[in-house]
Every structure is written in C-alpha cells, then in structure tokens.
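Spelled out, the chains give:
Number of protein chains: 2
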Amino acid sequence: MNLRIIILIFILVFSRGNIIFSQVNDIEIKHTIKKFYTSALVNGKCYEWLGHLSKQIGGRLSGSLNLERAILWAEQELSEIGLDSVWLQPVMVPKWVRGTFEYASIESSPGNSINVPICALGGSISTPFSGISANVIEVRSFEELDSLGFENVNNKIVFFNKAMPADLINTFDSYSKTVNQRYDGARIASKYGAIAVLVRSLNLSLDDFPHTGTMSYGDLPIRERIPAASISTNGAELLSSMLSLNPEIKFFFKQNCKNYPDVLSYNVIGQINGLKNNNKILLVGAHLDSWDLGEGAHDDGAGVVQSMEVLRLLKINNYKPLNTIRVVLFTNEENGLRGAKNYAELSYLNNENHVFAIESDAGGFTPRGFSIETNNEDFKKIKKWKPFFRPYQINFFERGESGPDINFLKTKENILIGLRPDSQRYFEYHHSANDTFDAINKRELELGAASMVSLIYLADYFGL
Amino acid sequence: MNLRIIILIFILVFSRGNIIFSQVNDIEIKHTIKKFYTSALVNGKCYEWLGHLSKQIGGRLSGSLNLERAILWAEQELSEIGLDSVWLQPVMVPKWVRGTFEYASIESSPGNSINVPICALGGSISTPFSGISANVIEVRSFEELDSLGFENVNNKIVFFNKAMPADLINTFDSYSKTVNQRYDGARIASKYGAIAVLVRSLNLSLDDFPHTGTMSYGDLPIRERIPAASISTNGAELLSSMLSLNPEIKFFFKQNCKNYPDVLSYNVIGQINGLKNNNKILLVGAHLDSWDLGEGAHDDGAGVVQSMEVLRLLKINNYKPLNTIRVVLFTNEENGLRGAKNYAELSYLNNENHVFAIESDAGGFTPRGFSIETNNEDFKKIKKWKPFFRPYQINFFERGESGPDINFLKTKENILIGLRPDSQRYFEYHHSANDTFDAINKRELELGAASMVSLIYLADYFGL
Chain H
1 MNLRIIILIF
11 ILVFSRGNII
21 FSQVNDIEIK
31 HTIKKFYTSA
41 LVNGKCYEWL
51 GHLSKQIGGR
61 LSGSLNLERA
71 ILWAEQELSE
81 IGLDSVWLQP
91 VMVPKWVRGT
101 FEYASIESSP
111 GNSINVPICA
121 LGGSISTPFS
131 GISANVIEVR
141 SFEELDSLGF
151 ENVNNKIVFF
161 NKAMPADLIN
171 TFDSYSKTVN
181 QRYDGARIAS
191 KYGAIAVLVR
201 SLNLSLDDFP
211 HTGTMSYGDL
221 PIRERIPAAS
231 ISTNGAELLS
241 SMLSLNPEIK
251 FFFKQNCKNY
261 PDVLSYNVIG
271 QINGLKNNNK
281 ILLVGAHLDS
291 WDLGEGAHDD
301 GAGVVQSMEV
311 LRLLKINNYK
321 PLNTIRVVLF
331 TNEENGLRGA
341 KNYAELSYLN
351 NENHVFAIES
361 DAGGFTPRGF
371 SIETNNEDFK
381 KIKKWKPFFR
391 PYQINFFERG
401 ESGPDINFLK
411 TKENILIGLR
421 PDSQRYFEYH
431 HSANDTFDAI
441 NKRELELGAA
451 SMVSLIYLAD
461 YFGL
Chain W
1001 MNLRIIILIF
1011 ILVFSRGNII
1021 FSQVNDIEIK
1031 HTIKKFYTSA
1041 LVNGKCYEWL
1051 GHLSKQIGGR
1061 LSGSLNLERA
1071 ILWAEQELSE
1081 IGLDSVWLQP
1091 VMVPKWVRGT
1101 FEYASIESSP
1111 GNSINVPICA
1121 LGGSISTPFS
1131 GISANVIEVR
1141 SFEELDSLGF
1151 ENVNNKIVFF
1161 NKAMPADLIN
1171 TFDSYSKTVN
1181 QRYDGARIAS
1191 KYGAIAVLVR
1201 SLNLSLDDFP
1211 HTGTMSYGDL
1221 PIRERIPAAS
1231 ISTNGAELLS
1241 SMLSLNPEIK
1251 FFFKQNCKNY
1261 PDVLSYNVIG
1271 QINGLKNNNK
1281 ILLVGAHLDS
1291 WDLGEGAHDD
1301 GAGVVQSMEV
1311 LRLLKINNYK
1321 PLNTIRVVLF
1331 TNEENGLRGA
1341 KNYAELSYLN
1351 NENHVFAIES
1361 DAGGFTPRGF
1371 SIETNNEDFK
1381 KIKKWKPFFR
1391 PYQINFFERG
1401 ESGPDINFLK
1411 TKENILIGLR
1421 PDSQRYFEYH
1431 HSANDTFDAI
1441 NKRELELGAA
1451 SMVSLIYLAD
1461 YFGL
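Protein chains in written order, with the working numbering: chain H, 1 to 464; chain W, 1001 to 1464.
A couple of the hints might just be wrong.
[Claimed, not checked] Sample of chain W residues with no beta-carbon within 10 angstroms of chain H, all distances over it, derived: (1) D1026; (2) V1042; (3) I1169; (4) S1216; (5) N1277; (6) Y1392; (7) F1408; (8) L1447; (9) Y1461; (10) G1463.
[Said to hold, decoys possible] In the DSS-like style, the derived pairs of lysine-lysine whose C-alpha atoms are separated by at most 25 angstroms in a straight line are: (11) K386(H) with K1177(W); (12) K386(H) with K412(H); (13) K1250(W) with K30(H); (14) K55(H) with K95(H); (15) K384(H) with K1386(W).
[Stated by the list, open to error] Away from chain W, derived, C-beta distances all over 12 angstroms, residues of chain H: (16) N25; (17) L41; (18) P128; (19) F129; (20) N395; (21) F408; (22) S423.
Rather than coming from a laboratory, the hints here were simulated on the basis of the structure. All figures in this text were calculated on a predicted structure; none of them were measured in a lab. Idealized CB from N, CA, C, for every residue including glycine.
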C-alpha cells in the first residue's frame, strides 16, 4: 500500500466521520426547531397576550397612563415565565397629547361644507382655538413646493398629496418614498409662508382612516411652527378632485394637541443567563409604546408579544442557552426613540456585549424571512442557516436594515436582524385607528415568534 | 498559434455570444414581467370584479339563481376585455338546496338547552321535520368508531371531533388530515347504526362559524342514509366538554336540505388565439360556483377574477401570445366537479392540446409560488424560471398537486400548476359565512393575478 492510498483512505474516513457528525448535528437542530414551531402553534401564548395588550390596555403613547399600565403588565408577565431576571430601566420620554379629536371640512362654497377625517401628526402644535380656514395648494413633492415659491404658498394650507406608489412589492419601500412629506412637510412649507400642512395618509388603501406618525419642526423657531395634520386617503382624493374643479375652495380644520414636559418611562427587560458565555448577549426586542389611535396591535404589540414569546418558548422547552438571551421592550420608539437610545448608551457604559439582536417591528403577519445587517463573514454564516427554515417557508435572507430600536447597538462585529413579515397589509393599519386586535391572525403571529426563537437558537448554538 | 489556442478562442467567442444573447433575452423577460406586475397593482381590475361577484351576486351554489347570474356576468365581463372569443359550455350539474337555516341545541338537562351554530353538509339529507334528538358519541377517528362498534353507536349521533392539527405549516396539509370525517363520516357511521353525524368544522380558529363542504353517502342505500351537519369549532369544544361532564346529554338538530334533479349550468370560456401555435392551449382557470354560505370571496371568487385578470393583463399590455391562451371558469367544483369533467371530456373528443394549465383555488392571499405537476424534464424547465420571480418574493416552486378542475386534463406530457398563496388564513373563511369580500386584501389578490400571468407568459415565450 503506497502513501497516496493511505492518505486517500485517511481522507475518506475522516470526511465520512465529518459527514456523519454534521448529519447528527443537523438532525438535532432540525428537531429543536420543529419543537419551537410546534410549541408556538400548539401551546403559544403570544396571541392571548396581544389580546390583553390591545383590548384591555389599548393604544399606549409615550407619557400616557396606558403605557405605564403596559409596562407594569409586561414586567409582570415576564416575571411569571420564570426568567433569571426581569427589570425596568428608567428613561425620560416626550409627552405629546392629541386632546379632543380633530375636526376638518372642505368648504366648497359659502355655507356648503363636507367633513373629512383628519388627525394631528405626532409632535404637531395645535391650531388656534377657532381653527384654521384657508385656501389650499396641492403638491406632490418638495420640488414642486420649491418651484411654486413664497408668492403661491404664503397664507395657504399646503396639501402634500403624494400617494404611496402601488407598484413596489415591498410596501416599506413605498413608505420610504413618501414618508418625508409627513416628517418634514411642515418644516419646509413654513419657509414658504404656509400656515398649516395637510398630508395624505401613508396608506396604500383608499379608506376613511387618517394615519398619524411622527413629524419634526427641526430647528424651526417656535413662532414659525405650523400645525400639521394627516387626512385619510379617501379625504385626500376628494379634496384633490374638488381643488381641480375649483382651486379657490377653503379647508377648515381644528386640532388642540399639545407638547408637555418629558415624563418618566421604562424599558422592560428580562433575561435567561447564559450557561457558558454569560457576557455575550443575544437580544430580542420590540417597542412597547404605540400611537394613541387604535390599539397598537400590529405596531408594535405583535413584536412585543413575539419577543416575550421567544423567551417563553425557550423556557417551556427547557432550553439552556450558552449565551445570555435577553428580551427588551423599548419605550418611546414612535416619537423619540428615547428608550432605544438610553438602552444603547447604558449598554456601552456597562461594556455589555450584544453579539446579536433581532427586532420585530413590521407587523404580525406571516414571516417571510430576515433582513440582516452585519459584516460579510457573518452574513454568509447566517445565510447558511437558510435550509433549516425551508420547512417553514422562511426564505428571505437578505442584507438590509434591522430595526429602529436595536439599530443603536450597531458595532463593526455584531449582527442585527429585522424580522420580515409579509408586508402587503401593514400600511392599512399602521398608525391608525384601524390597528386593532381583530386585524391579527393567530397563526401568522405565532409563526413570527417561532421564526425568531429558531434564529436565536441557531445563533446561540453555533456561537457568534 | 497552435490548434488548442484556436479552439480556446473559438469557445470563448462563441460562449460570450451566447451569454450576450441570453442577457438580452433576460432583460426583455424581466421587463415584461415587471410590466405585468405594475399593471396588476396600479391598473388592476380583479378587486373591483371580486367586489361585484361577492357583494352584488354573492354565494353561488350549483343550481342556484346566483350561479346563473355569475355565469352571465362573467361572460359579459370577458366579452368586454376584447378576447378573440368567449363562449358558454353547457353541462348538467347537481342541485342541492339548504332550505331554511339549521337549528341545533345541546340539551344538558330536561328544559335546559344551549344553542350551537351548525349547518348541513353539502349533499346531506334533511332530518325528519321534527328534528333529531339523541345521545352523542364523540370520536376522533374512524378507528375509534370501529372499536366502539354497533352496540355503542346504535341510535346515537356520532360526533366527529378531530381538530385540524395546528402544528403543520401548510394548512392544506392539516385539512387533508381531517377532511375524511366530513366526506365519509355519515357513510361509515351509518354502518354502526348511527342516526346522524355531527362534524367539527374544518377551521383552525375557534369561532362561531359552521363550515360546510361536500359529503358522500357512497353506495349506501337510500334508507341507510343519515343526516350530516357541521358544528362550529366553538360549538364542538363546548359539546365535547359537556359530554366529558355528562355523557348522557342529548343533542337536538333540525335541517331541511334537499337534493333536486340535475339542472343546466355552464363553464364560461374565453381565449386569445395564438399567433403561431393556435392548437396549443395554455389554460388559466378557477371555479365560478361556491358554497351558499358567505360570498365565495376566497373560495373561489378570488381565483375567478385572477384568471379573468390574466387575460385582461395580456390584452392591456398588448401581448400577442404565440400559443392560444384560454381562461376557463368551471362550474360545480364544490359538489360534483361536473364542469371540469365535462370540459376535459370535450377537450379529449375535440383533440384539444392543453400543454399547460394553471388553477387558482387556494384563496386570494399573498402568492408564495407554484405547485407543479409534470414530468421531470418539464419540472426542471419551470424551476429555471424561479429567478424571474425573485423580485416578487415568489419562491415556492415544488412538485405537488395542481387544482381540482384542471386535474382532469392531466396527460403524460403536459404541465399542470396550482397557484400557492399563503395558506395561514384560508380555513377561517373556507365554506363558511365568513368567506366575504372584506376578508380580501386588494394587493394580495392582485399579486396572485400578476404571478399567474407572468408564469403563463414564460410558458408562452419559452414554448412547451
């Protein structure tokens, strides 16, 4: 037997051993993932939790009594699943209050008016007590506003009516292309002498729900700030068609929202300590606050209960993680991100090592995969896990943004991931009174939690 | 320059040419598919069509006036999109009528009863006019019924209470595992002396909607046939828990459904003639009939309007197919499949060559891909088209069943395909009063139509 043959046999035996070893591993991994999915679908708790959070607590804007209730409830529920520790992390958050519901009408001719559904944008100032009545100038971009200039805009209400483009497959891409009119519209229109802005709701459907969301005056002096409201898509279509018939019609609206001084709030945190690498943290999170309209069921009650469920599924399946697995329910994502910023700052000061974080903040719909934010090497590593998700029809593993809260934890080495559910229905509910528990499908919600716990498990198992 | 170098250069030039040629093709294909998706999402008509079919016409069981209306409506709409021909294909179909709504109650003790929602199963006989009141024996399988035997079953109502398993990812797999109790339950229970059967609704949710569906007495003599009804999942849970407390409780129900002689119905057919291979047919289809409960929005109004939309999208994008592209709206899928059988028989007699057929009959939810029924060679060919669907998040290309109607067209050479939408919500609506237009999402529906027309286009372009 010559040397080459010996080497060949050696390689064969060795590699065969490897294959057997890796097959055994694969079987164990597949079995564990199957267990998580089955638990989530058969013995899940997240749907019941979301029912409570949506129906018994409801919308929970920063600074509201409801958010305080939600914080105490989440702390209590996390305590009951037997984590190693559960605590509240204090942080000051903005307090903006809508006040009485808004009122608006299109005045087609003196004495003739049609009511339309509007709501104040988050952070907006109120109108004068008697409301605002003015001519309307409709635009579909900041460029159009620029070209109209001061003489055409002064003393008018600027109506930003760019619709979310329907032809993009991922509705978050449509949102990205239109959200600037909501966020920056008032700041920019003010420079041209506008006395208020009205923004088409960021909703791909035509319906009667106005959608709120955060806006900013940037560094605009207080006296130059103008009220900003959102009009339902049906209202926007009506206003636009009436303007095309008669550009001289007036729009009347009234809102009495108000900014108050910051108030104390909390991130809710719980964890299972790692058996081996206690200092390495794998985080799963979502934001506990929501807008005040609706129940914050999809945004982001779904993410909250899925994140809680991840730790519960680890516990009830008696999984002992090698690394520390932590759930964080961030406060004040919607209008300030203070919870996330504070969490990241403290974690930096305390030298905490977040090797991995996943956020669910895109609705409780059927999960399609993961958006992955990391270096090339780790991206490749995670893509290799894709076959484990094949039986669960999870096949989106792409580079992309993770989530607004965990984003502050980004380092050169760590891995940030966003759960990516099917996006088709999200913007029907987002930031509106339509975002209620009955828009949640139990199985879709549970599949999201199962997908997150499975990814966390793989990250824990393979080490990062 | 020696021969090897010459050959090498020759290969390089030749293959490069090939690559360039194939890249040009790819760009054209991608562009065309993008056009179809954009048309469907921006200028789609299927949602409006489905609104009419669901709300203005409604449930359309074989033999009903509503189905006749739907046939005339579909013929009219297809005529208006400018097809080369539209026609009705006559076929006799069964006529089963529910009669007045069913009534049922659990009699926990004399004088105490609780109403529960039931509905007759399609094809069932009525109860006697005064209804049936009897003890109940609960089982979860035919094996359990066998083991109980005549002495335990005789003169009782058999209550089939096997729940759809929640841990399977594809809900159609859960359906397959439980549908036999609905279809064969009465036939089998009758042999053990049962006087009626009550079947747990095939629904993964707990709610108050009874779900109907077809059942069969097989070759059971008329005098041995017993009434069969479906009970809502909540009702089934209640009945089961009451039986566990007191096996002697009685169940009362009454239904007066009836089978009538067959009546005339029609398949609705339209086509665009092929420019080159007029004799090769690419079929897209769905079934126009539905159960009488609800509006038949997901089952199968969605498939109907998506199939119609496929031809409309070809027309408005001015696509001239090489092969004949035909839409078939089958009649009587739900309780007889007579439309499909008749269509296949006539097509065989007329030597029609259906090289390709796709059916949409799994709800109007976000499309996930295609279930493909063909030989190895053609399966591989179709799998190669997968990258064209990547931008649209269509990634399920697997072997599997196609659709109940096109199934009769199967040959050794042709390709049958089922559109596979996300299945999580389907059985909440299926065959119940819950299957209404408001459960339809416009974009999800449109994406299904766009996916079908894109596949048909590829089949036409590449030839089969």
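| Straight-line alpha-carbon gap K384(H) to K1386(W), limit 25 angstroms | Measuring from Cα to Cα gives roughly 20 angstroms; hence the hint holds.
| field | Separation of F1408(W) from chain H, once the least beta-carbon distance is taken, above 10 angstroms | value | holds (29 angstroms)
| field | Restraint check for K55(H) with K95(H), where alpha carbons must lie at most 25 angstroms apart | value | holds (23 angstroms)
| task | Classify the label on L1447(W) as holds or violated, using whether its beta-carbon is more than 10 angstroms from each beta-carbon of chain H. | result | violated (7 angstroms)
| For Y1461(W), which was marked as not at the interface, is the minimum beta-carbon distance to chain H over 10 angstroms? | Holds: least Cβ distance 22 angstroms, greater than 10 angstroms.
| said: Would the hint linking K1250(W) and K30(H) be met if the CA-CA limit is 25 angstroms? | reply: Violated. K1250(W) to K30(H) sits at ~46 angstroms, over the 25 angstroms cutoff.
| said: Please verify whether K386(H) and K1177(W) have alpha carbons no more than 25 angstroms apart. | reply: violated (28 angstroms)
| task | Grab the minimum beta-carbon distance between L41(H) and chain W and tell me whether it stays above 12 angstroms. | result | Violated, because the least Cβ-Cβ distance between L41(H) and chain W comes to about 5 angstroms, which does not exceed 12 angstroms.
| task | Mind checking the alpha carbons of K386(H) and K412(H) for me, to see if they're no more than 25 angstroms apart? | result | OK: K386(H) and K412(H) at ~23 angstroms, within 25 angstroms.
| field | Minimum Cβ-Cβ distance from N395(H) to chain W exceeds 12 angstroms | value | Its Cβ does come within 12 angstroms of chain W, the nearest being 5 angstroms, so this is violated.
| query | For D1026(W), which was marked as not at the interface, is the minimum beta-carbon distance to chain H over 10 angstroms? | reply | holds (19 angstroms)
| request: Measuring Cβ to Cβ, find out whether G1463(W) lies farther than 10 angstroms from everything in chain H. | output: Given that every Cβ of chain H is farther than 10 angstroms from that of G1463(W), nearest at about 28 angstroms, it holds.
In the structure shown, a violation is registered for the earlier hints numbered 2, 3, 6, 8, 11, 13, 17, 20, 22, in ascending order.
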